[in-house]
Structure formats: C-alpha cells, structure tokens
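Participant: Line by line, the protein sequences give chains H and P.
Numbering (the working numbering) for the first sequence: 1 to 295.
Numbering (the working numbering) for the second sequence: 1 to 553.
What the hints contain is simulated information worked out from the structure, not anything from laboratory work.
A few of these clues could be false.
Pairs of lysine-lysine residues, derived as DSSO-like cross-links and limited to a Cα-Cα distance of at most 30 Å, are as follows [said to hold, decoys possible]:
id, chain 1, residue 1, chain 2, residue 2
1, P, K123, P, K274
2, H, K13, P, K454
3, P, K274, P, K66
4, H, K81, H, K243
5, H, K81, H, K65
6, H, K13, P, K443
Nothing here was measured: the structure is a model prediction, and the numbers come from that model.
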Amino acid sequence: MSTLPPYATTGQKIWHYSFRVIVGLVLFFLIAPIVTIIPLSFNAENFFTFTPKMLALDPEGYSLKHYRDFFSNPEWTRPLKNSLIIAPFATIISVSLGTLAAIGLSQSHVPFRRAIMAIMISPMIVPLIISATGMFFFYSQMGLWMEEYLGMSRSVTGYVKVILAHAALGIPFVIITVTATLVGFDESLTRAAANMGATPTVTFFRVQMPLILPGVISGGLFAFITSFDEVVVVLFVGAAAQKTLPWQMFTGLREQISPTILAVATVLVCVSILLLATVEMLRRRSERLRGMSPG
Amino acid sequence: MSEQVLAADGRPLKSSLNRALRRQKMRALMLIAPLLLFIMLTFVIPIGQMLFRSVENQIVGNTIPKTVAALAAWDADQNEAPDETVFQALFYDMFVAAEAKEHTKLGSRLNYEQAGISSLFRKSGRSLSDIGELYQDAFEDLNPAWGDGAFWFDLMNDNGGAIASGLMIQQRDRLKRLTSADISLDVDFALRGDIAQALPLTAQQYASWALYTANVDNDVIAEETPWEAVYAALADDLRDPEAGARLAAYDGPGADSLLAALAIVPDIAAPSYKDAFAEIDSGWLEPRVWQTIQTYSPPFTPGYFLNSIDLEQTPNGIEWRPENQQIYLTLFWRTLVMSLTITGSCILLGYPVAWMLANLPARTANLLMILVLLPFWTSLLVRTSAWKVLLQDQGVINSLLVWIGLVADDNRLSLINNATGTIIAMTHILLPFMILPLYSVLKTIPPSYLRAAKSLGATNWTAFWRVYFPQSIPGIGAGSILCFILSIGYYITPEIVGGTRGVFISNRIAYHISTSLNWGLAAALGAILLAAVLLLYWAYDRIVGIDNVKLGG
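Chain H extracted, bound-state conformation:
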C-alpha cells in the first residue's frame, strides 16, 4: 500500500492515487469543522462566516473580543467556574472507587465477574437521555432528603447531585483503562513484596500503584472530560445555579447563538489537544514499562 511497485499498470496507479485522495477527503471531513472554527473565533464582527476583511488577511478583520467576552461576562465565567468545581470532584470519586474495583476484578476467581463488569460498564452503554431521566426523578427526591436530614443548603445539594451523577458516568472509563493496564501486571511482584514483609497497603502503594499509575491517570482524564463535556444529565439533574459550560453552550446553540461560543469552542479544542497528548504519552509509557511494545 505504501509504495507502488514499478510494474504497476496505469489503472493501478490511478486507483492508488485516487484512494489516497478519498482517504485524504475523509480525514479532511474529520478535522476541517474543528479547524475552521478556530480562525472564525477571531472574527471582529458578530458573523459566523469569514468576512472579506478576514479573507484579505487584514488585521482589522481579526480581534480578541469574543475571548474577552468569554473571560469577563458572568454568563460564561460562572458556568466555567461550575464546570471546574464539578469535574474534579466527580473525577476523584470515579478514580478512587474505580481503581479499587478494577484491581478486585482483575484477580482470579472473582464470582459473577461478567455480571459485575456489565453493571459497572452500563453507564457508558445506557443512552444518556435514559440515565438523565432516571436520575431526574431519583435525585430530586435525594436532594430533598439531603436538605431535610443532612441539613445541607439547596446550592450544596445541587452540586452534590451533579457530582454524584457525573461520577457514575465516569466510572466505566476508569474501569476500562485500569483493567487494561492490569492485564499486563505481573502478580509475582506483589507476592515478592509480601514475601519480603510488606503489608498489603504498602504493597499496593509502593509496588502496584506506580506500575498502574499511567492507566489510572488516563482513566481519570477520561472521567474528567466526561464530566467536563457532559450536558444531558446536568440539564436534568442540575438547577440553574449549577449551570456548566456545556449547558451554557447548549442553551446558546438552541436559543440565541452568540459568537462567543466559537471562542469557548477554540479554548476547549486546545484543552482536548492537551488531554489527548497526555493520554497518548501515558499509554506509550505504560506499554514501554510493561514491555509490550519496543517504542
């Protein structure tokens, strides 16, 4: 595929190049929408298309005003703050519970392993709208209960509800990534540690944890992005005080679309590039550590 043999016929040559063009077009389709919005977000006008000034590369056609709006308008800064409160807490819950359970699942002789796995993966499989509907009813009762018996204020319960819901949604990702890391884990290491007198806790933190850490971190990043990007559940479970960034974008897209949304989108694209790079790095490091790939 990579090179064309010297004896290729004209037809083969045409096919070879046209195939590359087709693949190129599909890759273009994948990446173009994301790339297009980046220059559009610097538009000096409130338009969603390239102005003649922008096409002429006139500096006057570009401005940072949409970014200024994003970082100063409370309509956007409050949701940003909410997202940055909710996502880390949800991630901590998913990662801590998920890692423990993945370690438990990776042991031999776990009864009902398949059924347990199916339940734990289910938040990823069940359509979000169904999860959101179920949570809508249950969490509103739970919120009332927390206000009444735990004496929490309404805004606290609002956050607790969204955090718990997002933690549940993030768990499958942690389970999957950590289980994948544990597949190559050499059990004799823990036995060796125990043999030399380490308690199970010490063994866990000093032997097992450093080795599975890349999996845990990338699971955590998945859980973080799941919560940070989630809109359906928060729309149903949260109140206006818990409005997150995706929620604000969703409202903007549905009602009155403001060009600031493009600036937000660009910032989020940068965040995802960063996350992608981290996850890829971790994956390679983990494979190298476990000797699964030469690179």
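Based on the hints, put chain P in the right spot on chain H.
Facilitator: Relative to the frame of chain H, chain P by itself:
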C-alpha cells in the same frame, strides 16, 4: 490408601487451599463492593425507578378512591353515565383533592388518555364548595351554632368514651396517599365512637378535614369551621332512611341540634350530585369520560406502553390511536432508519481510512491517527457548534458553494434543521468510533494474505473481496454496533441541528420530561429504547467482548 497430604499448619491441603481460595474471593469482592454499591445507588436504582413509572398508575386510585370503588359496579357497555352513588363518591373525593390541589394533577394524567378531561377537573374543583354551601347555609339558618368551629369540635371530639380510631387511621392513610405528605394522627382531636355510628359519613369527612387542618394548614381544629363537604355529608347522613333510628340511639353532645336538623333536611332545596356536576360541566354526563376513568383506575397500567406504540386502551379493547395522534411508530422508524444511515456512512467513510492507517508505516500511521483522535477527544458541544456554524444558510459551506458558483445566492441549500443536518453532524461525531475498532482488527490481518491471493492469480478486487474483506468483518461488526448503539440514543446533536424532521426518540423523551410532563409516557418510551440498546449491547458482548472495549486507539 494414600496418606492425606497436610499443609504446613497441619490441616489437610485440600481444605487449606479451599480456604485460601475463599479468602481470595472475599478480598476481591471487598474491593469491588464500594463501587458496586455506588453504581447501584446512583445509577441502577434511579433507572429502575424510572422504568417502574412506565406502568405505575396509582394516581387515580390515590386521588379518587371512593369513586374508583363505586365505579367498579358500573357497566361501561350501557353507554350512559353512572348513577348518583358514583357522583356522590366523586364529590367527596374531589373535594378533598381540590383542597389539597391534587385534582388538577389527576386531570392532566387522564388528559393524556382523553383530551378535555383536564379542564373538566379544573373547572369542577373550583365549583365544588358551592354545592356544600347550600347545605351549610340551610343548617346555619336553622341554628347559627352550625357555623361555629367549637360547636362542631364538641360534637365530634372524644370526651372519654370509645374512640373510632379505625376510621381515623383510614382517613390518615387516604390523605397520605393523596398528598404524599407526612400526616400524623397525633393531633388535638380524636373521633368519638358513638358519633361515628350515628353519622358515619359526616364523621369520615370531619376526621379527614381535622387531620388536614392540623397537619397541612397547621390550624387549631377547634377554632375552624369545617369544609362545606362536611355539611353535605351531614345532610346525606340525615337523609338516610335509618337516620331517625340512629339518632334516637345517640345521646352525646348536640343530640338536640341534630334532631332539629333532621327535621329540616327534606326541605333543603339542593340538586342531586349528578345534576350538580352536570351543571358545572355537561362533560360529566359523557360515558366516554367515565370509561376512561374506569379503564385507568387500576394501580398498574399497560397504557403508557400502548401509547408509545400508537395504541390505546378503550372499553372495546386495544385500538389504534386516532390517525392525527399517531407519531411514535414514525419516530421509532425514523430513529432506526437514520441510525442505520449514519452507521452505513460511517462504514463507507471509515473503512478506507482504517485500511490506510493499518497499512502505512507505524510512524506515518501514528501521525494520521491524531487526525482521528482529535475529533474523538474534542467536546461534543464544540463539534455540534462547529456544524451549526458551518451548515447555516449564511454559513461557511453555503458561502463557499455560492462563491464557487455551484449554488445560486438566493437558492442556498438548507443543510440544517432537517434530517440532512443530523446525518452529516452525527456521521462526523461517530466516525472515530467506527475507525478505531476497525483499525485494531485490520491491523491483525497479515498483508501477505493479499499478496498470496494475487500471486495465485486473483485480481485486486477478488483478492480484497474474497480474502481481505471477510477477515475484516468482525471489525465492521464491532464498529457498527458501537455506532448504532450510540446513535439511537443521541439527544444533543439532533436537538440542535435536527429541527423538527431530524429529531430522534430521545428528543421526544426529553420533551415529555421537561415540557409536557407526561412522565409515564417518557418512561415507557425510555424503556423501549433501553431494551433495544441492551439487546445490542448483549450482541456486542457476544461478538467483541465487553472487556475488549478500547478507548483512544
């Protein structure tokens, strides 16, 4: 006989091993338990509870229990409105429900089954006190003490004799079911046994009122005038043929006033309950209304599920809903067709890319892989916003087409707010989910197979179609199921770019949850969707194995 093998601690090896195995199992379960508990509590139970709503129908029995009981004897096939007993029961049921402002909820519930019932209930709730007032005025004209809360309290309250606690508990439970509030019996009132025997209906209504006043309104029972329904109940009790005998046996407080009241009851000019309801709204005389109430009186109903496939329950059995109300089968069909279209275009676009990636040198493949992974990692809202911006009439794509000259400026393509928009945007969003599993399968097919086929004389096409393609089918299957599962449950993207003709069943569920508030129907639609997804999930597990789900390549 061979000697039994012992472990170091002197136990038989077999039991020692078993014990170690058991301990290992326990440890594994201990590690899993916290998460399992968490998922159960935050995810599985909420969904189970939601599914329960799709068959639950207790609202009718909770709001108008007496009517439901009285209506059981009514024959729907007679095609005429029920008799006075049913209307009398409805009056008392509705009165309490209207005081608790619960009757409109029942009205909206029944309105899903038959349009118009909602306004019937709303209207009647407002006018019920007028019926009772006729009696109240008559009794007060006779003796002003009847308008006095203390007089009533004296008549009804315990003064050391037997207490009708059964009736109190019954009324407490009824109010609890109606209001879902915490109703306590621990109030400054206990119904006397002898008055409950002399005036059964009045005692019931008074007890109900007293519990409501003390628990919900937080008022002092002895200082308040009872509901008009209590006066109506008094009149009903006194009209009873046996009222004379009962009152003769009664010697508690207010016996004289009751005898005086007994004398004037025949002269009170008040319409029958049936006429009174007909006066409020003639809709109450329509048998269809009562058929609906009767059909939906059991605590569980298949009605929501029938509605979600465009059927309805009628006295004549299950029938199609009226033509203009049939939308759900179309919507399910559209969801299915569009999801298949999206999955199909993902296969068409994803296969060449996956093939290219699998056959390029690792370094180049990794670079190109970034182009696949970046959209995968980019926020869903960002990608949806991008398409909203690009596909608009005045957006980049249309402007580009106009500029090239393919499309006239006044005839721009409508790419958004229709099915086209949904298909384009969702294909883009789900494409990485096709490419990634397909790539991991294609990578395992040795390129030498193709070369071998060609050296045996196969043309390029035959080599691909008969040798390479069959081996890639597991990858296509995995990717397709994944794309299909994800797309039939999609909500955000169709909502934003789909307009009205490009929306899925999910959007309708969301509509019923947040706008029409028909939660039972939303739950039934959700249950059907969930069943479809779980079926596909099971197939996916059989084909690919859920343990083999890979994220990010």
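Participant: Decide, hint by hint, whether the structure agrees.
Facilitator: The hints, checked one at a time:
For the hint linking K123 (chain P) to K274 (chain P), the alpha-carbon distance of about 15 Å falls within 30 Å, and the restraint holds. Among the hinted pairs, K13 (chain H) with K454 (chain P) is consistent with the structure: their alpha-carbon atoms are about 17 Å apart, no more than 30 Å. Pair hint K274 (chain P) plus K66 (chain P) holds up; C-alpha atoms about 15 Å apart against a cutoff of 30 Å. For the given pair, K81 (chain H) sits about 9 Å from K243 (chain H) by alpha-carbon distance, which is consistent with the 30 Å threshold.
Of the supplied pair hints, the one linking K81 (chain H) and K65 (chain H) holds, its CA atoms being roughly 20 Å apart against a limit of 30 Å. This hinted pair checks out: K13 (chain H) and K443 (chain P) have alpha carbons roughly 24 Å apart, not beyond 30 Å.
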